[in-house]
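What follows is each chain in one-letter form.
2 protein chains.
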Amino acid sequence: MDIYDLDTPSLIVDLDLMERNIKEMADWCRAHNINLRPHMKPIKVPAIAHMLLEAGAKGICCQKLGEAEVMAQAGIKDILIPYPIVGKQKLERLTRLAKQCKLTVAVDSEYVAKEISKQAVKDGCTIRVIVELFMGRTGVPTPKGVLKLAKKILKMPGLSFEGIMSYPTDEKTGETVKLLKDNGIPVNMVSGRPDIYPLGSKEPLYHQIGLTEIRTGIYVLGAGKYYRFRRDKDDPRKVYYADRSALRVLCTVVSRPIPNMAIIDGGIKTFSSYAGPPYGYFVDYPKALMERMSVEHGHVDISECAEKPRIGEKVTVVPNHPGICINLHDTLIGVRKGRVETIWPILARGKVQ
Amino acid sequence: MDIYDLDTPSLIVDLDLMERNIKEMADWCRAHNINLRPHMKPIKVPAIAHMLLEAGAKGICCQKLGEAEVMAQAGIKDILIPYPIVGKQKLERLTRLAKQCKLTVAVDSEYVAKEISKQAVKDGCTIRVIVELFMGRTGVPTPKGVLKLAKKILKMPGLSFEGIMSYPTDEKTGETVKLLKDNGIPVNMVSGRPDIYPLGSKEPLYHQIGLTEIRTGIYVLGAGKYYRFRRDKDDPRKVYYADRSALRVLCTVVSRPIPNMAIIDGGIKTFSSYAGPPYGYFVDYPKALMERMSVEHGHVDISECAEKPRIGEKVTVVPNHPGICINLHDTLIGVRKGRVETIWPILARGKVQ
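Here the protein sequences come in this chain order: A and B. So the first sequence is residues 1 to 353, counted in my numbering. So the second sequence is residues 1 to 353, counted in my numbering.
Mixed in with the good hints, there may be bad ones.
[Said to hold, decoys possible] Calculated cross-link-like contacts (lysine-lysine; reagent style DSS-like; alpha-carbon spacing at most 27 Å): (1) K308(A) with K148(B); (2) K308(B) with K144(A); (3) K88(A) with K148(B); (4) K148(B) with K181(B).
These are computed hints drawn from the structure, not numbers from a lab.
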């Protein structure tokens, strides 16, 4: 089936590009001797998780318990949840999940650790725990605070203290590792997210700060922080790295109401309003700019396009944020050289609980 | 079941508030002798569509064909799709749908009208058509252009010309109605969206411009344009009309990393990033401000709250845009006086095709 036979809007992934993204990052991590734990938050498809593991990833990372449940059911055996698990229902789900896979969770307060400990004892299991260091979101604010919490966790039944994590990651992570080790606390796992993308510009920090693994997911469908498609700040029509973006939305031009405007059948509910304007990058019309979106319409300025798209024509658009866009769709269509090869249900879509 | 026994994030609707919103608008339209056609785009639950019809609505409105299919399957018999239907798959779906209900579609180009005509002839049915007037999005730019297209439609087999629509709506709609009638073209339906909310400030235009019906949906869950909760432009902590907002998200405080910050378990994938910051209104903590969101975290400034929410505590948040928020969730939980009364699947969620 040709992609232009698909109804629109359809969410598609260029398999050649995605496979290149997966391979380059796996090779890079292997060459630099650090474990890779891809984040499923911007991917949500278990089949892609398996591709990542086959390429060499150590395990995966899921922001929400519901996402982790989907992945475990698909046979994934090593999952990190870097998110505080709070509340009766979630604690019960957590211990059930821990019996199905090697599960590690992050905590950042005595309250959360204690509640998990109580549930683990009640349900007869041990939960692997890491402490999150605060870098502006969740986490314990200081290395000393991490040490204090780690000592408490070591005494809590049903918990196994494994190490620490941070997001983002800087030298403070290294200080914390050192403080723990100096106090005789073994640190098996140090999970971070430094700027280590293959095309990235910074010298990697991970050796200095003792990272054992990195968490990142956006590189798979939308390439990485440093090479997801970006616009020139002086000229929004000039973009970089669009050839790294594997995720696209196939849309149809449904109206050409006035000469320099095209309306496409995707808006906020198809792309999300995150980041922009302009929204998306038009692969076939690089000079087109989606300046506005309604809930179900995209308003595209085509004044600079030499050839203008016609009503009924299908156009391919790279969304601004693939990870948020994918959460709006039920199906991801894998294409290669313009032909449909695979249709995946996005099984972890909407798993916010 | 008490709402605080729900897992989080959960999307809930206060049934007393929603019923008041539904009744006030229906009463107002009845008193002012204009038909009401609620828009399902920000509602998506067929059971609520039935409540609206029972309150007196003439029919419903669906932005996408997929949404209309869900509603027709739920037994709704009068549906307007104010959106250009383009492409082979959609044309086939359109004629199938027209055999199940009284279906009207808007067109704004000869191309779209011709394609629908061809499909209708092929499938042996007649499609009711209205022409959309351009007011900045889709539509025909001038009243004369509408007349020209209407004349062509009158000659196309398989189509029945019914009238016009606009969005938004102003005096140009009235001019167009007059021009059509002066040219002997019967206009049965004039669908608009003037500012006629019960608590609205403007003098209604609909009598002057000959509207037969109004399309609006946001009033049901989030109240109307003029009384959806709004912030004071000088003081973001001061809000208006929050007591009209029936839709809420129940969240849990999962972290209190530093004294004046609370992290809740809902972010962009729970609320959407549309409109803000700040994001949402905290019913129990009116002085709290959600200044930032990550994909799955809400970052809340609680510096001005006299009492501060604790880790593990559940909080109720009115989303900034109920219609975009509802599209992120699979289930809507109807509550009355703090107790769960109904659980509805959001059947039209994600129907962007």
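Report task. Sort out whether K148(B) lies within 27 Å of K88(A), counting only the CA atoms. Result -> Violated - the C-alpha atoms of K148(B) and K88(A) are around 64 Å apart, more than 27 Å.
**Report entry** Hint consistency between K148(B) and K181(B) [alpha-carbon to alpha-carbon, up to 27 Å]
**Finding:** Holds, because 13 Å separates the two Cα atoms, which is no more than 27 Å.
Requested in this report: Mind checking the alpha carbons of K308(B) and K144(A) for me, to see if they're no more than 27 Å apart?
Outcome: 25 Å, holds
Report task. Would you check the hint for K308(A) and K148(B), treating anything up to 27 Å between C-alpha atoms as holding? Result -> 24 Å, holds
Of the hints listed earlier, the one the structure fails to meet is number 3.
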